[in-house]
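Q: Each chain, letter by letter, is given below.
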Amino acid sequence: DTAVSQTPKYLVTQMGNDKSIKCEQNLGHDTMYWYKQDSKKFLKIMFSYNNKELIINETVPNRFSPKSPDKAHLNLHINSLELGDSAVYFCASSLGDVGEQYFGPGTRLTVT
Amino acid sequence: DAKTTQPPSMDCAEGRAANLPCNHSTISGNEYVYWYRQIHSQGPQYIIHGLKNNETNEMASLIITEDRKSSTLILPHATLRDTAVYYCIAAMDSSYKLIFGSGTRLLVRP
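From first to last, the protein sequence lines stand for chains A and B.
Position 15 of the first sequence, counting from 1, maps to 15 under my numbering, and the rest follow consecutively.
Position 42 of the second sequence, counting from 1, maps to 42 under my numbering, and the rest follow consecutively.
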């Protein structure tokens, strides 16, 4: 069973569109995260959620809106997509605020 | 969170030990040292972490110097599948985030 899953794996869309990426974890964790890895391979934290509450927002544009319907899911909705949003987005989860995090396989977003 | 410094790349022969160094001279007393790796195109994978004592698990060993200013990740018998980028991260348990640097690209040679 996949511990942290993301859908879709690939997403190609045009500038200005709105898209969502879904993340689910079956580990019973209560903290979930979104990370962005750009073309230069730098991996940066975007959001952290604990028990469905936003804990960290690392100066991410308002066009990005995470939604956590329950502890097992953290979805990422992106409005008005821009070329610079092209990247691989990773979801992760952990038990509490610890650094032992489990990552999903990533979603490669390409904005044309 | 303290900054960490790692060599950009290393290589080792298959079957030999891979020793990956990390400097974290400004680490604070409540910051753990975490090691992750990212195999090409996959999500980062947790390897091991420690605070003061040396740690070992089924994947690797972590040696932390007594002054905690540096550490070494040891893969005892490297295989081709260990080729990856290895990240050393200093983080507090309450920080709710990991700050990834540029890591060390380890190439395991046949």
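These are calculated hints, taken from the structure and not from any lab test.
All of these numbers come straight from a predicted model, not from anything done at the bench.
Treat the hints with caution; some may be incorrect.
[Said to hold, decoys possible] With a cut-off of at most 35 Å between alpha-carbon atoms, the simulated DSBU-like pairs for lysine-lysine come out as follows:
(1) B/52 with A/41
(2) A/9 with B/52
(3) A/40 with B/69
(4) A/9 with B/69
(5) A/44 with B/52
(6) A/67 with A/40
(7) A/36 with B/52
(8) B/69 with A/19
(9) B/3 with A/40
(10) B/69 with A/36
(11) A/22 with B/3
(12) A/19 with B/52
(13) A/67 with B/69
(14) A/40 with B/52
(15) B/69 with A/22
Q: Hints first: check each against the structure and report whether it holds.
A: Quick rundown of the hints versus the structure:
{"no.": "1", "hint": "B/52 with A/41", "in the structure": "holds, 30 Å"}
{"no.": "2", "hint": "A/9 with B/52", "in the structure": "violated, 39 Å"}
{"no.": "3", "hint": "A/40 with B/69", "in the structure": "holds, 28 Å"}
{"no.": "4", "hint": "A/9 with B/69", "in the structure": "violated, 39 Å"}
{"no.": "5", "hint": "A/44 with B/52", "in the structure": "holds, 27 Å"}
{"no.": "6", "hint": "A/67 with A/40", "in the structure": "holds, 27 Å"}
{"no.": "7", "hint": "A/36 with B/52", "in the structure": "holds, 31 Å"}
{"no.": "8", "hint": "B/69 with A/19", "in the structure": "violated, 44 Å"}
{"no.": "9", "hint": "B/3 with A/40", "in the structure": "holds, 19 Å"}
{"no.": "10", "hint": "B/69 with A/36", "in the structure": "holds, 29 Å"}
{"no.": "11", "hint": "A/22 with B/3", "in the structure": "holds, 32 Å"}
{"no.": "12", "hint": "A/19 with B/52", "in the structure": "violated, 44 Å"}
{"no.": "13", "hint": "A/67 with B/69", "in the structure": "violated, 39 Å"}
{"no.": "14", "hint": "A/40 with B/52", "in the structure": "holds, 33 Å"}
{"no.": "15", "hint": "B/69 with A/22", "in the structure": "violated, 39 Å"}
The structure fails to meet hints 2, 4, 8, 12, 13, 15 from the earlier list, while all remaining hints are met.
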